[in-house]
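**Student:** The lines below spell out each chain.
4 protein chains.
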Amino acid sequence: MILIMGASSGLGAALAKQYSEDQQQVFISGRNAQRLANTASTCDAKYLAGSKSVDLCNAQAISLLFDELPTVPSTIIFSAGSGCFGNLDTQQPEIISAVIDNNLLSACLFLREVVKRYQDLAINVVVVMSTAAQSAKAGESTYCAVKWGVKGLIESLRLELKAKPIRFSAVYPGGMDTDFWPSSGKTLDTSSFMSADEAARMLKGALIQTEHGCVADITINRR
Amino acid sequence: MILIMGASSGLGAALAKQYSEDQQQVFISGRNAQRLANTASTCDAKYLAGSKSVDLCNAQAISLLFDELPTVPSTIIFSAGSGCFGNLDTQQPEIISAVIDNNLLSACLFLREVVKRYQDLAINVVVVMSTAAQSAKAGESTYCAVKWGVKGLIESLRLELKAKPIRFSAVYPGGMDTDFWPSSGKTLDTSSFMSADEAARMLKGALIQTEHGCVADITINRR
Amino acid sequence: MILIMGASSGLGAALAKQYSEDQQQVFISGRNAQRLANTASTCDAKYLAGSKSVDLCNAQAISLLFDELPTVPSTIIFSAGSGCFGNLDTQQPEIISAVIDNNLLSACLFLREVVKRYQDLAINVVVVMSTAAQSAKAGESTYCAVKWGVKGLIESLRLELKAKPIRFSAVYPGGMDTDFWPSSGKTLDTSSFMSADEAARMLKGALIQTEHGCVADITINRR
Amino acid sequence: MILIMGASSGLGAALAKQYSEDQQQVFISGRNAQRLANTASTCDAKYLAGSKSVDLCNAQAISLLFDELPTVPSTIIFSAGSGCFGNLDTQQPEIISAVIDNNLLSACLFLREVVKRYQDLAINVVVVMSTAAQSAKAGESTYCAVKWGVKGLIESLRLELKAKPIRFSAVYPGGMDTDFWPSSGKTLDTSSFMSADEAARMLKGALIQTEHGCVADITINRR
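Residue numbers (our numbering), protein chains in the order written: chain D, -2 to 220; chain L, -2 to 220; chain Y, -2 to 220; chain H, -2 to 220.
Derived by calculation from the structure, the hints in this document are not laboratory data. None of the values given here were measured: they were computed from a predicted structure.
Treat identical chains as interchangeable: a pair holds within one or across any two.
For lysine to aspartate or glutamate, the following EDC-like pairs were computed, each having C-alpha atoms within a straight-line distance of at most 16 Å: (1) K113 / D64; (2) K113 / D86; (3) K134 / E152; (4) K161 / D86.
Kindly generate the complete structure, drawing on both the sequences and the hints.
**Tutor:** So, in structure tokens, the structure goes:
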């Protein structure tokens, strides 16, 4: 079973649909119950192991989610997050606080629970960030800040847990056309961007593992 | 006048003392009023332009601080922050939340106010991070996360504001012996570490500017 | 047709074999004619478009290779290189010079020719480096130097040619069990390493492109 | 005594002049004997410990240089190198080969000799690169390649020798107005750039060491 966090839209939703079509069991989660139900309706019901909305800034809620999983997942994909754009001096303090909570605090608390429960299992934890985690961008200072933060978290966890069987894959998509952009208040011509479906297809191809090897990092971009 | 944030201890306190001894006006700020008073008592009173404790997670309180400054600072040194150590699964959620607030949210809100007020002035904004902002470290995953986050913020602000006269210097100290370590719950033999006084002396040497040039980034480490 | 450089052994040889089995035309090249013939013998003859040994430090020889290609390649995979290990003070000057030639000069001259000929075509140029291009390693200083160098070259070419249709994918394998290790004079227990065949299988999965997107960077590591 | 390599022009020449004015003994070296003599003539003769031109691509010549030093240097500053600009497809193969030799092979061979002789001494080895070692730049692909290469070399040497008393400082200047630019065939308006004298003054300030600490990395840029 593949646990997909942030499945209510974008890449997470596309992965849920495609994995279920590939006849893989998926358990989906997201902030928004209504939108999560939409994703669930796109999945092949036979391969939808469950669905549960959760507040990723609440450690107890996260723990409950894991308590309710029908089985231990073989792969966990963390694709939650929200955007925040515009020059720093134009961003409201509450928005800054929210983007930190939704991207960095959520990743810390979620991965803390994953590590507590599963560090001794050979589970692959796939963390979806953004190319904003790899380079600085004007007009995206707080978004880059939280994504660089998640990258620092993952790289440190790899060192911390290198003697353990749990593994982390880092995914950096860029230039993806999802409703992430309108919901972030940024107007962009995204007609040449790749769709979430395209990104999901490439990501699935890249996440294939072999007996001794795995893909550790992958950057997917528009051509 | 040099505005020093995080002056209640460590490198910020050492810089306050040394700059006042160099007959430079300093205005000091920090979370803890009592410890800030201690720092003030080490400064040459003639060169202490003011002192005010402030909660850097409160945007209004930050704005008030700037309203009360006697003059526009020529240099702003941001050296606030707190540590958080141990493997991720051993950290309590409230501690993780606090380390994010004290290091990343505070930097975002503080620099937002600086940029709002001063982006059109040739002010040098010196942001003190840590070598934990430059590399991953086992047992420091959340601390690395917030410090990588601040680095992403600064690098993005540089791009965002490159047409403006305001400038950002990034400082990465490592292996410094301050009460940061005991207050972070980490037991270390710090006898070979450099003192905050030593780091302050090197930093002052490095922050000298010339007509056309300045030090953009500096990493200070124990030998 | 896929042009594979460095096909006489390791990942390049494994990719040649696998792509020909997938019924893709391959043209293979390498330094060593004898070993290149070995690789050719592992490929399905129907899908071997050609084979030619070439000295990648000779710009004219590189140009001749392209003159002799039966068609313009749709994908070019550059997997040439050689290792060099041991502490810097133990390496002989001629070995240092050779590792620079075989890894960095060769990449510069080869990519120069690719860019001269094909920058206006939507060709995907896949450059295989090593995790030694991403992090420093004790005992591998010159090898890291040349691999960091190739990474700097690729990242700059991406900026230089971003308005052009040509695209570059960067591949960073680590912990692969090939005869690279014995030929580099390094003794390692590589029993837990992934084989070149495994790495080739993952790489092929990751290099799938969609209409608007492609994999820009991929790090493959042993689990 | 401070040994300065690449002292025939630019930052190396400015450092030689300034350190001699500060009454520090300097020994200067460079490729070009005539230009090295020019630098020597700007130094206070009482503090010029010696001068010798050397081909840094010749390991024996490097060894001879060290044999002839009057004393073991306390600090070694490596500021040798040459530029190479323009899109990759416009660069001649011999120019590419020369830029690799002058920047990367020279650094490998020189630092190899330094490490062989001095790894057990508390010498500070200062390696001057460029901001081109830190980020990719269009039109500078081979120059970035060699500078990224030197950075990879230094970072690996630090790991390789961390138990030894020898220390490495990395210096990244950007936007400096020297005859480097015209000699590299690049036409730039450098009127807002910092002069080599300014950069030397900042670098001297930054290189001050304390009992337990030193500046490990420093980026100097125009304002």
